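Take a look at the letters that make up each chain.
Protein chains: 2
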Amino acid sequence: MALVVQKYGGSSVADADKIKNVARRIAATRDKDNDVVVTVSAMGDTTDDLLELVAQVTSHPSPREVDALLSTGEQQSMALLTMAIQHMGYPAISLTGVQAGIKTDTAHRRARILQIDPKRIRRELEKDNIVIVAGFQGISEGEDITTLGRGGSDTTAVALAGSLEAEVCQIYTDVEGVYTADPRIVPEARRLDEIGYDEMLELAVQGAKVMHPRAVEVGELFNIPILVASSFTDSPGTLIHGGVSMEVRNKVRGIAHDLDVAKVTVVGVPDRPGIAAAIFEPLAAANISVDTIVQNASIDNITDLTFTVSRGQLEEVMEVIKPITQEIGARECVSDATLGKVSIVGTGMQNMPGFAARMFSALSEKGINIQLIATSEIRITCIIDEAKVKDAVRALHRAFELDVGD
Amino acid sequence: MALVVQKYGGSSVADADKIKNVARRIAATRDKDNDVVVTVSAMGDTTDDLLELVAQVTSHPSPREVDALLSTGEQQSMALLTMAIQHMGYPAISLTGVQAGIKTDTAHRRARILQIDPKRIRRELEKDNIVIVAGFQGISEGEDITTLGRGGSDTTAVALAGSLEAEVCQIYTDVEGVYTADPRIVPEARRLDEIGYDEMLELAVQGAKVMHPRAVEVGELFNIPILVASSFTDSPGTLIHGGVSMEVRNKVRGIAHDLDVAKVTVVGVPDRPGIAAAIFEPLAAANISVDTIVQNASIDNITDLTFTVSRGQLEEVMEVIKPITQEIGARECVSDATLGKVSIVGTGMQNMPGFAARMFSALSEKGINIQLIATSEIRITCIIDEAKVKDAVRALHRAFELDVGD
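For the record, the sequence lines run as chains A and B. FYI, the working numbering numbers position 389 of the first sequence as 1335, with every residue one higher than the one before it. FYI, the working numbering numbers position 334 of the second sequence as 1280, with every residue one higher than the one before it.
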């Protein structure tokens, strides 16, 4: 008997009929002689509705109390889904984060899973139960309820699969898998049958919404194959795993884009040791996540330092950065909040020249100006005008022939 | 510093504005130099909404899963109320049933509190926190979430007050206290300043909705004074306690009524030992709560046995009782679902003749026929036509001069 861990997102359990649909899918998995552990998100808009109530009560909610509140969303869907499975005649039991032994740190609203004690889950599996676990939540050492923040339910699922040594972790969502680009922008985008952890991680970090990078990292750590598929169709989905051969392919795997980019440039920075730390340490202290950082070559010991952040954080960034600009003797600090980024990702790019040139010329042919460039071993990212992002994605999809299969 | 335990019902926290109102009342209690522990019900119709979702998913929900689901209602109101208190600048923390150490038996949907381990509550009080506890819920030995059933949040409050040795338990609700009769039926009904545990218990059991008998029993057990008052006004409310003198009064304290009574009569029962057990043991096994039981004097060793149940259980009762009627050789089994009951209650009635006669003649003057009579030391109950109950309450209120103070 194999152990399968499944995760169903909020849109898959948005109402009673959808919950019953998910129950049927779980029963079918059980019928194939599998042990099944399922983790589930809150129904549809539950989390947003609860946050709306919070906003009516206070402008500065305590993260601990927000977690106590939000965790009820997954607890509700978990119980209702369990009832729906039982109604079909299958033995099932629900477990909250604490009952499932999901121990986290104390960082409320963005807690990290420290360990999972799967004692109770194993006991319930031995009793032949299908086990339904509330996603997105855990318990801290001080016995406070925590939530895992964005991507939390995916992370719960993959971490459970890892700690239970499951055969596979299946992430069911409202899309049919991982695509070569966003199909809403590129109609000829192709669903990938499989993708490596590293490639998926780069795509996720660079804006592909289908899976959160945290969950991919955990999958890689435990070497758990992750299937991403639709809960509404029987499409085979995309398998994220570590066994994808890196040698035979010489291709870009996919294109990610992100419409939410703001750029900050500190102009005329005296180029001396410690200057970067003087700028980025206060930003880190303010819990601001800086993305791409580019420093120009220094002329007469004066340089420009540019970085990007998400648009929602720009105002806070400028508050932090303006006094620093003065302190370090830089000339000024300017920002642009109308940017986006587009990335090509593929392990086949490693140590292979020509990808960057092909990317830049494809963008140039469309008259798209590149403002910043950032690269990793398996990725090239260009920061461009937000208004040009969709054109860029389409042009790159064609240039790298992603509509053609492997 | 005195310790005050308060409870706010669902209508008192039905929306964000009402939650803020409750937060102000709690802050005012704290300002009077009290330690404050609060237990809270689910917001408004939350529980009904959740049960509606259950009905859409299954007709036979597992009580364990219903408890996991319903307990989220109190968890939500507890977190929101805590945020509202914090927003006013007061230190506060929320605790779920399990965090508050409320241990129950495993009878899901109607669990009993076995013990409270107030370790965490005490620790939070020592940190100067106002402690907000989710009402109505606890945890079983197997670490499953349980709910306490009807009157659960009141019971949570009084049990917390008992285990913390609080000075008083204040139950805030949408009425101004305990009245001599339901003010919607008897406009001249008077709020009682105080009432004894036993009297309150009889009134509650006989239909007064203001407090659940379970909570009164726990209050008596721990000898915790219980104040019942409105969360919307500053009316002084009614203090339920053990110190009410029994000697000086010679009066009925209040009138309870109940419109939800069905009567079952097993006709022509052979009167031999064990016959009552043969009838009532199967009913108990079916979890049916039987109220008044009356057995006629036996003629030629044949008797009639009559009992009452709530109307919602009548169908189930008849299913259980009909085969038994045959087994024991009784003639037939008949029922009447259009009954109600009216009770007069007062410790002043103990060993004092004349109350029953005055009650019966007051009803008789209004042409009200009495179908059954049941008594305790401090109560007389008459089962009458449902249609006559309100007339009966008014007549008795006048007959015992309850509009006049002590």
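FYI, nobody ran anything at the bench for these hints, they're computed from the structure. These numbers were taken from a predicted model, which means no experiment stands behind them. Be careful, since some hints might not be right.
It does not matter which identical chain is used: a pair holds within one copy or between any two.
In the DMTMM-like style, the derived pairs of lysine to aspartate or glutamate whose C-alpha atoms are separated by at most 25 Å in a straight line are [what the hints assert, rightly or not]:
(1) LYS1065 / GLU1347
(2) LYS1073 / ASP1051
(3) LYS1073 / GLU1087
(4) LYS1268 / GLU1089
(5) LYS966 / GLU998
(6) LYS1197 / GLU1163
(7) LYS1073 / GLU1089
(8) LYS1049 / GLU1087
(9) LYS978 / ASP1337
(10) LYS1065 / GLU1089
(11) LYS1155 / GLU998
Structure-based check of each hint:
1. In this homomeric assembly, LYS1065 and GLU1347 never come within 25 Å of each other (Cα to Cα): the closest approach is 49 Å inside a single copy and 65 Å across copies.
2. In this homomeric assembly, LYS1073 and ASP1051 come within 25 Å of each other (Cα to Cα) only across copies, at 22 Å, whereas the closest approach inside a single copy is 31 Å.
3. In this assembly of identical chains, the alpha carbons of LYS1073 and GLU1087 lie at most 25 Å apart only when taken from different copies (18 Å versus 29 Å within one copy).
4. Neither within a single protomer nor between protomers do LYS1268 and GLU1089 lie at most 25 Å apart by alpha-carbon distance, with minima of 40 Å and 53 Å respectively.
5. Proximity of LYS966 and GLU998 under a CA criterion of 25 Å is satisfied inter-copy only: 15 Å between copies versus 28 Å inside one chain copy.
6. Taking CA atoms no more than 25 Å apart as the test, LYS1197 paired with GLU1163 passes inside one copy only; the shortest distance there is 23 Å, against 75 Å between copies.
7. Taking identical chains as interchangeable, the C-alpha atoms of LYS1073 and GLU1089 lie at most 25 Å apart only when they sit on different chains, with a minimum of 16 Å there against 27 Å within one chain.
8. Both within a single protomer and between protomers do LYS1049 and GLU1087 lie at most 25 Å apart by alpha-carbon distance, with minima of 7 Å and 21 Å respectively.
9. For the homomeric pair LYS978 and ASP1337, neither the shortest alpha-carbon distance inside one copy (45 Å) nor that between copies (66 Å) is at most 25 Å.
10. Taking the closest pair of Cα atoms, LYS1065 and GLU1089 come within 25 Å of each other both inside a single copy (18 Å) and across two copies (13 Å).
11. In this assembly of identical chains, LYS1155 and GLU998 lie within 25 Å of each other by CA distance solely inside one copy; the values are 24 Å within and 33 Å between copies.
When held up to the earlier numbered hints, the structure conflicts with 1, 4, 9 and fits the remainder.
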